[in-house]
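Chemist: Protein chains in written order, with our numbering: chain A, 1 to 199; chain B, 200 to 441.
Since the hints were made in silico from the structure, they are not lab data. In this text, a Cβ means the ideal position worked out from N, Cα and C, and glycines have one as well. Some hints here could point you the wrong way.
[As the list claims (entries may be wrong)] Calculated pairs, DMTMM-like style, for lysine to aspartate or glutamate (alpha carbon to alpha carbon, straight line, at most 25 Å):
#1 A:K50 / A:D120
#2 B:K243 / A:E64
#3 B:K214 / A:E136
#4 A:K157 / B:E439
#5 B:K243 / A:D143
[Claimed, not checked] Here are the computed distance ranges between Cβ atoms for each label pair:
#6 A:G176 / B:A216: 20 to 28 Å
#7 A:R160 / B:P308: 42 to 50 Å
#8 A:P118 / B:H213: 40 to 48 Å
#9 A:R160 / B:D300: 42 to 50 Å
[To be verified] Computed list of chain B residues with no C-beta within reach of chain A, every gap over 10 Å:
#10 Y203
#11 R211
#12 K243
#13 F246
#14 L315
#15 G326
#16 A327
#17 V377
#18 E392
#19 W402
#20 V404
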Amino acid sequence: MYEGAVQDLIDELGRLPGVGPKSAQRIAFHLLQADSDDVDRLVTALTEVKARVRFCTVCGNVAEAELCRICADPRRDPSLICVVEEPKDVVAIERTREFKGRYHVLGGAISPMDGVGPNDLRIKELMTRLLGGTVEEVIIATDPNLEGEATAAYLSKYLRELHVRVTRLASGLPVGGDLEYADEVTLGRAFEGRRLIDA
Amino acid sequence: MPLYRDDAIVLRTHKLAEADRIVTMLTRTRGKVRAVGRGVRRTKSRFGARLEPGMRVDIQCYEGRNLDTVTQAETLDTWGDVIARDYTSWTAAHAVLETCDRLTEEHEPSVQQFHLLAGALASLAEGAHEPGLVLDAYLLRALAVAGWAPSFVDCARCGDPGPHRAFNIAAGGSVCRVCRPPGSAAPAPETLELLAALLTGDWAVADGSGLRYRREGSGLTAAFLQWHLERQLRSLSFVERA
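Can you build the whole structure from these sequences, using the hints too?
Modeler: So, in structure tokens, the structure goes:
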């Protein structure tokens with residue numbers, strides 16, 4: 001146990017995800033020895049992020065205004081919506097530069113064991129967006145694990161009733177890997193989603 | 200560190216650090232085991248897909264002080280992957296897995312619970328019966344294996360041969376007129392017949408039961424389960440019933 005402010009800092013850092021008591025102690029002492037300017041920059045960044053960042057009222061992505069950068073961009077195709085679990089998934093898809101539509105962030109995946117059901121996600125907001133009639137295709141890009149798969153199954157069940165095209169991101173073999181090391185589930189999905197090679 | 204190998208069914212997973220997961224499994228010979236799967240959340244992980252809830256795997260781990268570490272996993276049955284494609288079955292499977300997690304203890308072998316779990320997941324994956332019926336059959340049998348077998352015919356208190364009209368959860372099931380405690384429920388005789396069929400595995404009777412009796416039966420089963428577990432089962436409220 002340290003005195004006053006140092007222990008308070010260690011306790012607060014220890015509450016961050018993935019930071020244990022030892023890591024918290026190491027970061028605290030790093031900050032104690034760092035230049036005041038560096039610490040000030042960190043303090044400003046933390047204050048700014050809480051003061052300025054909020055969630056886009058349309059898609060649920062992180063934004064600094066009412067609409068996020070993507071929803072506010074008129075060049076993005078409004079007939080395509082890609083449904084993702086978290087804002088960080090938006091960044092991952094944006095890095096591909098393949099998708100020109102808009103996003104919808106659910107805020108997680110359905111997990112009954114963790115007490116997360118359909119009403120805890122932004123599914124109602126997605127349905128409301130689709131009622132406008134401009135959306136032609138919904139691409140479900142939830143994580144390729146079983147919770148993501150079940151969430152996709154739930155969404156497709158209700159989205160089909162709204163007469164929009166519902167697609168799911170392909171699952172299969174990672175580029176750069178060897179076929180012999182693929183697990184049965186991934187290889188099975190790769191077979192299911194095989195495509196015709198254009199001549 | 201000693202290595203061991205076992206037949207295991209994944210009950211649940213928790214995220215750990217950057218790309219790891221804590222995997223809770225029910226093994227055939229070691230009971231419930233908690234192990235770390237290193238790097239399994241990465242898309243290039245060699246066994247990430249095998250360590251998902253509802254999968255049956257041939258697992259190799261090395262023992263740790265608190266948590267074991269998964270070193271190899273080979274798929275034996277991909278029940279979880281099949282079940283996740285049907286939302287109704289998926290919600291039922293989650294209730295099955297959560298119940299198993301609550302009823303089993305770490306490093307206390309429970310072969311009967313293992314076989315019961317395997318049977319329930321296989322049945323949900325095959326889609327041979329309505330998922331709600333499979334779930335209720337599993338819950339009743341899992342409670343019976345744990346020592347809380349309900350009685351749906353004879354009186355649970357005095358053993359007087361039934362069938363009886365009254366049902367009391369605290370008393371252990373059907374009760375005769377003499378033993379009936381105040382506040383006992385009076386379910387339809389068809390509901391008690393359905394529950395007895397689910398407990399004994401008489402699927403001809405269970406599959407032919409009416410919707411009204413299935414609903415009443417699932418309510419009694421859930422109440423019976425939560426009475427004995429002494430806490431709410433989170434996933435039970437999300438189960439989509441027919």
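Chemist: Against each hint, give a clear statement of whether it holds in the structure.
Modeler: Going through the hints against the structure:
1. A:K50 / A:D120: 23 Å, holds
2. B:K243 / A:E64: Not satisfied, since the Cα-Cα distance of roughly 34 Å exceeds 25 Å.
3. B:K214 / A:E136: Distance of about 35 Å is beyond 25 Å: violated.
4. A:K157 / B:E439: Cα-Cα ~13 Å, so holds.
5. B:K243 / A:D143: 14 Å, holds
6. A:G176 / B:A216: 20 to 28 Å: For G176 of chain A and A216 of chain B the Cβ distance comes to about 24 Å; the hint holds.
7. A:R160 / B:P308: 42 to 50 Å: The hint (42 to 50 Å, Cβ to Cβ) holds, given that R160 of chain A and P308 of chain B are roughly 46 Å apart.
8. A:P118 / B:H213: 40 to 48 Å: 22 Å, violated
9. A:R160 / B:D300: 42 to 50 Å: Taking Cβ atoms as reference, R160 of chain A and D300 of chain B lie about 33 Å apart, which means the hint is violated.
10. Y203: Label holds. Min Cβ-Cβ 21 Å, cutoff 10 Å.
11. R211: 6 Å, violated
12. K243: With a cut-off of 10 Å, K243 of chain B comes too close to chain A, as the shortest Cβ separation is near 5 Å.
13. F246: Non-interface label on F246 of chain B violated, nearest chain A Cβ at 6 Å vs cutoff 10 Å.
14. L315: Per Cβ check, L315 of chain B is outside 10 Å of chain A; nearest 18 Å; holds.
15. G326: Nearest chain A Cβ is 14 Å from G326 of chain B, so the label holds.
16. A327: 19 Å, holds
17. V377: About 41 Å separates V377 of chain B from the closest Cβ of chain A, which puts it past 10 Å; holds.
18. E392: At roughly 29 Å from the nearest Cβ of chain A, E392 of chain B sits farther out than 10 Å, so the non-interface label holds.
19. W402: Since the minimum Cβ distance to chain A is about 25 Å, W402 of chain B lies beyond 10 Å and the statement holds.
20. V404: 28 Å, holds
Against the hints set out earlier in the document, violations occur for numbers 2, 3, 8, 9, 11, 12 and 13.
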